[in-house]
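Engineer: Sequence:
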Amino acid sequence: MQTPWLGITPIALVAVLFSVGSVRSEDRRETDTNFDNYKLLAVKNVAKANKVVLYEGLPHQFFEKNLLTEELKSKKTVRVQGFPFYTETLRLKDRDLKELTELFTDIKSFKPFSGYKKCGGFHPDYCLEWSVGKEVYHCLICFGCYEVKIFAPKAELYCDIEKEAYKKFKQILQPYRKQRPKSEQD
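For my numbering, count along the sequence shown from 1 and bump the result up by 153.
Everything labelled a hint here was simulated from the structure, so no lab data went into it.
Honestly, I wouldn't trust all of these hints.
Unchecked claim - Straight-line distance between alpha carbons at most 27 Å, and here's what the computed DSS-like set of lysine-lysine pairs gives:
#1 323 <-> 192
#2 307 <-> 201
#3 307 <-> 271
#4 335 <-> 228
#5 271 <-> 204
#6 261 <-> 335
#7 307 <-> 287
#8 320 <-> 335
#9 307 <-> 197
#10 321 <-> 331
#11 287 <-> 271
#12 307 <-> 264
#13 218 <-> 331
#14 201 <-> 261
#15 264 <-> 192
#16 251 <-> 271
#17 204 <-> 287
#18 201 <-> 270
#19 204 <-> 192
#20 218 <-> 287
#21 270 <-> 320
What the hints assert, rightly or not - What follows is a set of in silico ranges between Cβ atoms, one per label pair, in the way DEER data are often shown:
#22 336 <-> 198: 33 to 39 Å
#23 231 <-> 288: 17 to 23 Å
#24 183 <-> 260: 19 to 25 Å
#25 287 <-> 251: 20 to 26 Å
#26 287 <-> 218: 35 to 41 Å
#27 223 <-> 260: 27 to 33 Å
#28 232 <-> 335: 19 to 25 Å
#29 223 <-> 203: 34 to 40 Å
#30 192 <-> 223: 39 to 45 Å
#31 269 <-> 320: 20 to 26 Å
#32 198 <-> 227: 35 to 41 Å
#33 240 <-> 265: 18 to 24 Å
#34 193 <-> 223: 37 to 43 Å
Here a beta-carbon is modelled for each residue, glycine too, at the ideal position from N, C-alpha and C.
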């Protein structure tokens, strides 16, 4: 028996759903989606950062699985909040750093998490890391699903990026793509 609108058997459909579900395991754990946490993140502190680092994300764990495997074998990587990034960090221009910090610290740049997207799972294209003394703040940005995962010393938040902020994040960060190889989707 085939499912008429998909043209596949129910067993094959279950297998596909389980394989997509397994991508969620890349998240390592679920990040809190309570938008009230934005107030607890103390993100205004990042304006006082004494060090800012930009990490570039590796290929997508679902759509570029073979490319990701190659990169993990051949390149130096580091894990940030459970996700792999290239170890070599990217130096931000002062103007870009200022704009990214303004976007990050503006609550209007984000909105409550609207649910999981059909994009193969959260995949951070970039990670911004602000160090304020001993405190570290991470903002993992996924351009595929318009989402961020924000981690601060006392709170975390998984939320969506507002449309205009998304455009700005992407416009600023895309020119920094240096290490991640082109894929068939580019």
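Engineer: Determine for every hint whether it applies to the structure shown.
Structural biologist: Hint by hint, here is what the structure shows:
1. Restraint check: the Cα-Cα separation between residue 323 and residue 192 comes to about 24 Å, which is no more than 27 Å; the hinted pair holds.
2. Taking the CA atoms of residue 307 and residue 201, the gap is near 17 Å; set against the 27 Å cutoff, the hint holds.
3. This hinted pair does not check out: residue 307 and residue 271 have alpha carbons roughly 30 Å apart, beyond 27 Å.
4. Distance hint between residue 335 and residue 228 is fulfilled; the C-alpha atoms sit about 15 Å from each other, no more than 27 Å.
5. Our distance criterion of 27 Å between C-alpha atoms is broken by residue 271 and residue 204, whose separation comes to about 35 Å.
6. For the given pair, residue 261 sits about 32 Å from residue 335 by alpha-carbon distance, which is inconsistent with the 27 Å threshold.
7. Distance check on the hinted pair: residue 307 and residue 287 sit about 13 Å apart at the alpha-carbon level, within 27 Å; holds.
8. Between residue 320 and residue 335 the CA atoms are separated by roughly 21 Å; this keeps the pair inside 27 Å, and the hint holds.
9. Restraint check: the Cα-Cα separation between residue 307 and residue 197 comes to about 14 Å, which is no more than 27 Å; the hinted pair holds.
10. In summary, the hint linking residue 321 to residue 331 is supported, as the alpha carbons are separated by about 19 Å, within the 27 Å threshold.
11. A distance of roughly 37 Å separates the Cα atoms of residue 287 and residue 271; the hinted pair therefore is violated under the 27 Å criterion.
12. Straight-line distance between C-alpha atoms of residue 307 and residue 264 comes to about 20 Å, which keeps the hinted pair within the 27 Å bound.
13. Among the hinted pairs, residue 218 with residue 331 is consistent with the structure: their alpha-carbon atoms are about 19 Å apart, no more than 27 Å.
14. With a C-alpha separation of about 20 Å, the suggested pair residue 201 and residue 261 falls inside the 27 Å cut-off, and the hint holds.
15. The straight-line distance between the Cα atoms of residue 264 and residue 192 is roughly 13 Å, inside the 27 Å bound, and the hint therefore holds.
16. For the given pair, residue 251 sits about 32 Å from residue 271 by alpha-carbon distance, which is inconsistent with the 27 Å threshold.
17. For the proposed pair residue 204 and residue 287, the alpha carbon gap of about 11 Å is at most 27 Å, so the pair holds.
18. Straight-line distance between C-alpha atoms of residue 201 and residue 270 comes to about 34 Å, which puts the hinted pair past the 27 Å bound.
19. Distance hint between residue 204 and residue 192 is fulfilled; the C-alpha atoms sit about 23 Å from each other, no more than 27 Å.
20. With a C-alpha separation of about 35 Å, the suggested pairing of residue 218 with residue 287 is violated against the 27 Å cut-off.
21. Annotation: proposed proximity of residue 270 to residue 320 holds, straight-line Cα distance about 18 Å (limit 27 Å).
22. About 36 Å separates the C-beta atoms of residue 336 and residue 198, a value consistent with the hinted range of 33 to 39 Å.
23. Take residue 231 and residue 288: their Cβ atoms lie about 19 Å apart, and the range 17 to 23 Å holds.
24. For residue 183 and residue 260, the Cβ-Cβ distance of about 22 Å falls inside the hinted range of 19 to 25 Å, so the restraint holds.
25. Here the CB-CB span from residue 287 to residue 251 is close to 23 Å, well matched to the stated 20 to 26 Å.
26. For the hinted restraint 35 to 41 Å between residue 287 and residue 218, the CB-CB distance of approximately 37 Å keeps it satisfied.
27. Roughly 39 Å separates the CB atoms of residue 223 and residue 260, a value that falls outside the hinted 27 to 33 Å.
28. Range check, residue 232 to residue 335: about 24 Å between beta-carbon atoms, so the 19 to 25 Å window is met.
29. Checked against the hint of 34 to 40 Å, the C-beta distance between residue 223 and residue 203 comes to roughly 36 Å, which is consistent with it.
30. Restraint check, residue 192 to residue 223: a C-beta distance of roughly 42 Å satisfies the suggested window 39 to 45 Å.
31. Between residue 269 and residue 320 the Cβ separation comes to about 22 Å, which falls inside the hinted range of 20 to 26 Å.
32. Under the hint 35 to 41 Å, the C-beta atoms of residue 198 and residue 227, about 37 Å apart, fit the expected range.
33. The hinted window of 18 to 24 Å between residue 240 and residue 265 is violated, with their beta carbons roughly 33 Å apart.
34. For residue 193 and residue 223, the hinted distance range of 37 to 43 Å is satisfied, since their beta carbons lie about 39 Å from each other.
Consistency with the previously given hints fails for numbers 3, 5, 6, 11, 16, 18, 20, 27 and 33, ordered from lowest to highest.
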